[in-house]
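Enquirer: Given next are the chains, with one letter for each unit.
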Amino acid sequence: MAIFLQLLFTGIGIGAVYSLVALGFVLIYRATNVVNFAQGEFAMLGAYAMVVLTQDLGLPYWAAIPISLAVMGLIGALFNLGVYYPLRHRSFLPVVISTIGASILLTNSVLVGYGPAPESLAGMFDFPGIQIGEVFLDSQYLLIIVVTILLVAFQYFFFEHTLLGKKMQATSQDKEMASLLGIPVARMIMLTFIYSAILGGLAGILVAPILFVSVGLGSQVALKAFAASIIGGFGDVTGAIVGGLSLGVIETFGAAYISVPYKDAFAFLVLFGFLLIRPQGIFGEKVAQKA
Amino acid sequence: MPLLELHGLSAAYGAVEALKGLSLHVGEGEIVALLGSNGAGKSTTLRTISGLMKPKSGRVLFDGKDIGGLHPESVVRLGVAHVPEGRRVFPGLTVKENIMLGASNRPGVSRRELEAGVEEMFELFPDIRRFSGALGWTLSGGQQQMVAVARGLMSKPRLLLLDEPSLGLAPLIVQQVFRIIARIRERGTTVLLVEQNARTALSVADRGYVLETGRLIIEGKPDALWNNEEVRAAYLGGRVTAGV
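Here the protein sequences line up with chains A and B, keeping their order. Numbering follows this note's numbering, with no gaps: position 255 of the first sequence is 255. Numbering follows this note's numbering, with no gaps: position 187 of the second sequence is 187.
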């Protein structure tokens, strides 16, 4: 039982990171109808921003985190202007190719600066964690879970209870109609990219002490997050969270009870299962189309 | 000076010309119907006025100012609300949220003013009040049409562009919608109405324009248009006793 709970805790912690990146996927997808394949690179850049600030510049964590997030916001804005905006009137495919290109560019730019050897980032707290009975709650995993809960609560409040949130939802549901009502569509999409980049960056910052910081961090997290958003129901916010958490738990249990080398395979086995049996995901079809 | 004037307006979808030098005017306080069959350029006219399409040539004068080619977000701020074909109610937002967002063109509107505006709309459209919390996609076509019109009125427009408000609605609901259109004008809003249902449109309109393939065919008072056998047979769906 103790081992079970310990694994559950770890699984939820890693799943929370997938959820954050998946949320970024979903938000951009809903605002622009395009999948941003550079979403994982936001996580990678966030982690490297921390490496630069804490190790190269020697800043303390409390200063490095807000600076990193601000940098991520700026990257999100530039990403919108350079990768999405010029192609906004084109179809799905050119934009997707553009995001893949951006992903390759970002990965290789970091590779030039930091090389292929992974960096390691210390945990954010000095104390290792809390022991409850036989279960050890690692401080970094606790932090990830708490931050994710706060973010999800913030996001729920923002989208359900503020006018700006409603305008962003309207933009994602029907851009032409939104602009007819006077909603500044381009600004809404800009905000979405900034927020998604910050979300992705935060996921990278949080997960950096657990995984190594390398240029491969982005694709490693993004593939799982992508699978998570499909499992949850692509385009659904709740689905992204539930999908991310379940994927984290499933792969942790799979690794512990079945096979460690196949850890990454479990996530994709679940994905295949969903694509075959319930391709719309757990929360798909919330808004049906009426004839 | 008319509230809206189109001078030799042309617009095209790629190589396909949809409007070919259209001129018309709408006076303050009028209800003007734009009639004609499918592909006559009625919707394109509205889309060019509201900024969804850029004119190829010609001018769109609103209150004397050329608004041709302005972005839709700017046009609605000047006081032109466009309720497009197909109603376009946001499917994932509630009725109340849909209506509230209609005021997005008014900067610095307070929450209280919004609530009061929604309340006013529910008084104008009592049938949708009880669906206040229902998501847009769950509504029937008639309810969606009312939400779409209410949302358009929330911008406090001087000119309301209505595209096919009767499309897909049961005859009884169509009557209801047109009674509301008459009431909107009484509240001081000018209406430019696009309809295929010519008989019903002419029953509330002050004047009508008949278009064919992007050109103006004839303009006149409702009676004159309806009693002109040739026009009625060719462009207005010719039945002498229409269903409404």
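One thing to keep in mind: the hints can contain errors.
[Said to hold, decoys possible] Chain B is nowhere near these chain A residues, computed Cβ spacing over 12 Å in every case: (1) L74; (2) E176; (3) S219; (4) Y262; (5) F266.
[Unchecked claim] Here are the simulated DSS-like pairs of lysine-lysine, each with C-alpha atoms no more than 25 Å apart in a straight line: (6) B:K65 <-> B:K156; (7) A:K263 <-> B:K56; (8) B:K96 <-> B:K54; (9) A:K175 <-> B:K221; (10) B:K20 <-> B:K54; (11) A:K175 <-> B:K96; (12) B:K156 <-> A:K175.
Worth flagging that the hints you see were computed from the coordinates, not collected in a lab. Note that the Cβ used here is the ideal one computed from N, Cα and C, for glycine as well.
Enquirer: Is the straight-line distance between the alpha-carbon of B:K65 and that of B:K156 25 Å or less?
Expert: holds (19 Å)
Enquirer: Going straight from one Cα to the other, do A:K263 and B:K56 come out at no more than 25 Å?
Expert: Not satisfied, since the Cα-Cα distance of roughly 60 Å exceeds 25 Å.
Enquirer: Assess, step by step, whether the Cα of B:K20 is no farther than 25 Å from the Cα of B:K54, and give holds or violated.
Expert: Holds: B:K20 and B:K54 sit about 14 Å apart, inside 25 Å.
Enquirer: Compare the distance between the alpha carbons of A:K175 and B:K221 with 25 Å, and conclude whether the hinted pair is satisfied.
Expert: Between A:K175 and B:K221 the Cα gap is close to 37 Å, so the pair fails against 25 Å, i.e. violated.
Enquirer: Just double-check A:L74 for me: nearest Cβ-Cβ distance to chain B has to come out over 12 Å.
Expert: holds (25 Å)
Enquirer: So A:F266 supposedly isn't at the interface. Is its beta-carbon more than 12 Å from every beta-carbon in chain B?
Expert: holds (33 Å)
Enquirer: Assess, step by step, whether the Cα of B:K96 is no farther than 25 Å from the Cα of B:K54, and give holds or violated.
Expert: violated (32 Å)
Enquirer: Is the claim that A:E176 lies outside the interface with chain B correct, judged by CB distances over 12 Å?
Expert: It is violated; A:E176 is separated from chain B by about 6 Å at its closest Cβ, not greater than 12 Å.
Enquirer: Is the Cα-Cα distance between B:K156 and A:K175 25 Å or less?
Expert: holds (21 Å)
Enquirer: The output says A:Y262 does not contact chain B. Does that hold with a beta carbon cutoff of 12 Å?
Expert: About 39 Å separates A:Y262 from the closest Cβ of chain B, which puts it past 12 Å; holds.
Enquirer: Holds or violated: A:K175 and B:K96, Cα atoms, limit 25 Å.
Expert: This hinted pair holds, its Cα atoms lying about 19 Å apart.
Enquirer: Quick one: work out the minimum CB distance from A:S219 to chain B and report holds if it exceeds 12 Å, violated otherwise.
Expert: holds (31 Å)
In summary, the structure is inconsistent with hints 2, 7, 8, 9 from the numbered list given earlier, while agreeing with the others.
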